[in-house]
Amino acid sequence: MIQVKGLTKIFKKVEAVKNVSFTVEKGTVFGLLGENGAGKTTTLRILATMLKPTSGTASIDGTDLLVDPEEVRSKIGILFGGETGLYDRLTARENIKYFGLLNGMSKEEVSRRINELSDILDMQEYIDRRAGKFSKGMKQKVSIARSIVHNPEIMLFDEPTSGLDVTAVRMVHDFIKRLKDQGKTIIFSSHSMNEVEKLCDVVGVIHKGKIIEVSTVKNLREKYNNMELEDIFVELVGDKNV
Amino acid sequence: MFNKYTWIVLKKELTDIFRDKKTIITSILIPILVFPILAFVIGSSTDQFLGQNNNPVDMALISEEENKLEEFLKANDNVNIIEVENPQEALKELDIKVILKIDKGFDERIERGEAGNIEFIYDITSSRSDMAQSRLNGIIGEFSHSITLSKLEELGISSQILNPINIEKTILENQQADQGIGLMILSIILPLMLTVWSAVGGMAAATDLGVGEKERQTLEPLLTTKASRLSLLMGKYFAVVVAGILGTLAALTGFGIASEINPNFTGSGVTMPIQSIIAIGILCIGLALIFSALELTISFYARSFKEAQTYLSPMTIIVMIPAYFTMYLDGKEIPDLFLHIPIINTISIIKESIVGVFNIEHILIVAGWTIVYIGLALFFTVRMFNKESVIFRS
Ligand SMILES: Nc1ncnc2c1ncn2[C@@H]1O[C@H](COP(=O)(O)OP(=O)(O)OP(=O)(O)O)[C@@H](O)[C@H]1O
Ligand SMILES: [Mg+2]
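Going down the list, the protein sequences come from chains A and B. Heads up, the first sequence is in the working numbering, so the first residue is 1 and it goes up one at a time. Heads up, the second sequence is in the working numbering, so the first residue is 1001 and it goes up one at a time.
Since the hints were made in silico from the structure, they are not lab data. Hints may contain errors.
[Stated by the list, open to error] If the Cβ cut is set under 8 Å, some of the chain B residues that face chain A in the computed set are:
(1) 1005
(2) 1022
(3) 1108
(4) 1109
(5) 1228
[Said to hold, decoys possible] Derived Cβ-Cβ restraints for the label pairs, each shown as a range:
(6) B:1317 / A:170: 29 to 39 Å
(7) B:1021 / A:136: 19 to 29 Å
(8) B:1375 / A:55: 54 to 64 Å
(9) B:1007 / A:137: 26 to 36 Å
(10) B:1281 / A:133: 36 to 46 Å
(11) B:1330 / A:66: 57 to 67 Å
[Stated by the list, open to error] Lysine-lysine pairs mimicking DSS-like chemistry, simulated, CA-CA at most 25 Å apart:
(12) A:13 / B:1332
(13) A:26 / A:12
(14) A:75 / B:1387
(15) B:1068 / A:12
(16) A:133 / B:1332
(17) B:1068 / A:75
(18) B:1068 / B:1104
(19) A:133 / B:1306
(20) A:52 / A:75
(21) A:180 / A:52
(22) B:1021 / A:133
(23) B:1011 / B:1074
(24) A:139 / B:1169
(25) A:184 / A:208
(26) A:5 / A:180
(27) B:1074 / A:139
(28) B:1151 / A:107
(29) A:139 / B:1021
(30) B:1332 / B:1169
(31) A:133 / B:1022
(32) B:1022 / A:107
(33) B:1021 / A:52
(34) A:198 / A:223
(35) B:1022 / B:1011
(36) B:1306 / A:18
All values derive from a computational prediction rather than experimental measurement. Note that beta-carbon positions come from the ideal geometry of N, C-alpha and C, so glycine has one too.
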C-alpha cells in the first residue's frame, strides 16, 4: 500500500508538486494522469526517494520514505519512459545483474531471476549480447527486467510507453497487466486518457502540481454523465484554469 | 565508506571502463608509448648531433694568395674545403656550412707581430652553420695558439706564462662523472610525469562515470536501487582512482622501456632508496585520490559530455603549471613553502629522493597535506552528488 500525505516540492521558484495526497491500495493500479509539466515525474521521483520533498511525506508498505529511504528503495521498482539508458558495453545479462546486486540480491538469486525474466520477456536470443546495438524495443525489455529484477511489491511507471512503437507499447501494457495479476501495487503515470482507462483501477488527475480529482474510472464516468474520458479530462483541467 | 555496494559498483565500472577501446588507448597505450618514442627521438637526434661533430666541417675558402692558415686547414682532417663557384649561394643551400675569408697580407701581418685578419660568413638561422663556424673557430684557435707558442719561444719565454693557474676538478665520492646529465633529465621528467599522470590519469574515466552516466540516462535507475548514494559514489570514485593509478603505472612502464632503448634517457648510476620509492608511490596515489575527486565533481556538475570536457581540459594545464614551475628545482634545496602546495610538494619529495635525500619530516608534512586535500576534495564531491539541482539538471 502507498500512502501519500501532503507532498509538496518546490524547486527554487517552481512549485512542482503542491500538497498532493492519495492512497493506492495493495494490488491496484493507480493512474497518475496529467499534462506535460503537471508534476508526475517529480511525484514519482519523490516516492522513489530520489528527491526529498519540501514538505509532506509518503509511506510505502508502512515504511516512511523520510525515515528509511533504503528500505523503501528495496521495496520499489521504477521504470522511466523515453530514452532508455543501458550500459552499452555490458551485456543485457550484466546490465540486469548489476541492478539485482545493487538491490541486495545474492549472485545465485540474481542469476536464477535473470533466467526467469529472460523467458518471460523473451530475451534469450540477446541476453548475452552487449546492449550497445539493441533496438528500442529490446532496450525497453532489458529496462523492464532491470526494474523488476528484485521482484518488488510496488512498481512505479513514469510514462513507460512514450516514444515506443505499437508493438512495444502493447508489450509494456501486457506486462503491467501481468504484474497486476500477480497482486503488485502499481502507480502508472501518463498523459493519455486511453492508456489510463485501459490499465488503471483508480485515476488521479494532476494539474499544475495539484491533484484535482481522485476516483475510479467508473465513478468518473458516472459523475460526468458518461462523457468520454478525454472530455472529462478537458473539463476538469479547464475548470481549474478559470 | 566502503561497503558491499561500493565493491559492486567498483567492479562493474572497471569492467565497463576497460571494455572501452578509447579509454584503453588514452589511459594505458599512450602512456606506455610516449616515453619510448621520446627516448628514441632524443636518442637519434643526439646521435645526429654527435655525428655532426665528428664529420669534418664543410667550408669554402676565399683567399687571394697562399698563406700558412690555408696550409694548416688543408692539412687538418676536421676541415673539408670545398671548391664552389658561388660561395654565398652554396652557403644558402647549406652545401657548405661556413665561408672563411682570409685577408691579403695575412702572413706578413702576423710576421710583423700584428693580428692577421680573417672573416667568417655563416647562416645564423641554421644551427648546423652556426655550429660549423664555432668549430672552425676552435680549429683556428689551435693555429693561433701554435703561433703564440712559437713567438714566445723566439722571445725565450716559457709557455707556462699562459697558464698561471692549474685547475683540478673532483666530484664527490660515490658519484660518476657521467651521472650529471642523466640525473638532470631524470629529475626533470620523472616528477613531471609521475605527478601529471597521477593527477589527470583518471580524467577519461571520471567523465564517463559522472556526466556519461547522466547523459546515458542510467543515473536515475541507479539512484533507485537499495544502495545508498554514498556507496554508489564511492564505488565510482575508487574506479576513477584505479584508472588514474593504472595510467601512472603504464607511464612508468613506458619510462622503463625508454631507458632500455636509450640509456642516456635516465642516466646511469641513479639509485633511489627503497623507502623513497615507497613514499613516492603513496604520495602519487594521494594525488590520484585528490584529483579523481575533483574530476568526478566537475563531471557530475556538467550537463553534457562536451561541457565536462570543456571544464576538464584546462585542468591538465593547471596541473602542468606547478610541474613546469619546479622543473629546475634542486632536490637539495627545497624551500619549506613548497611542502604545503599540492603537486609541488609531491614533486619536491620526488626531487629529493632522486638526489638521494630521504627526509622523513618532509614526507610526513606532504602526506599530512595530501590527506587534508583528499578530505576537502571528497567533501565537494559528496556535496555535489547529493545536490538535487545538479543531478537532475537538464
Ligand atoms: N530539477 C528541477 N529543477 C527545477 N524545476 C524542475 C525540476 N524538475 C522539474 N521541474 C519543474 O517542475 C514542474 C513539474 O515537472 P515534472 O517533470 O514533474 O512534470 P511531468 O508531469 O513529469 O511532465 P512531463 O509530462 O513533461 O514529463 C515543471 O514545471 C518542471 O519544469
Ligand atoms: Mg515526466
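Hint check, failures only:
Violated: hints 2, 3, 4, 6, 8, 12, 13, 15, 16, 17, 21, 23, 24, 25, 27, 28, 32, 33, 36.
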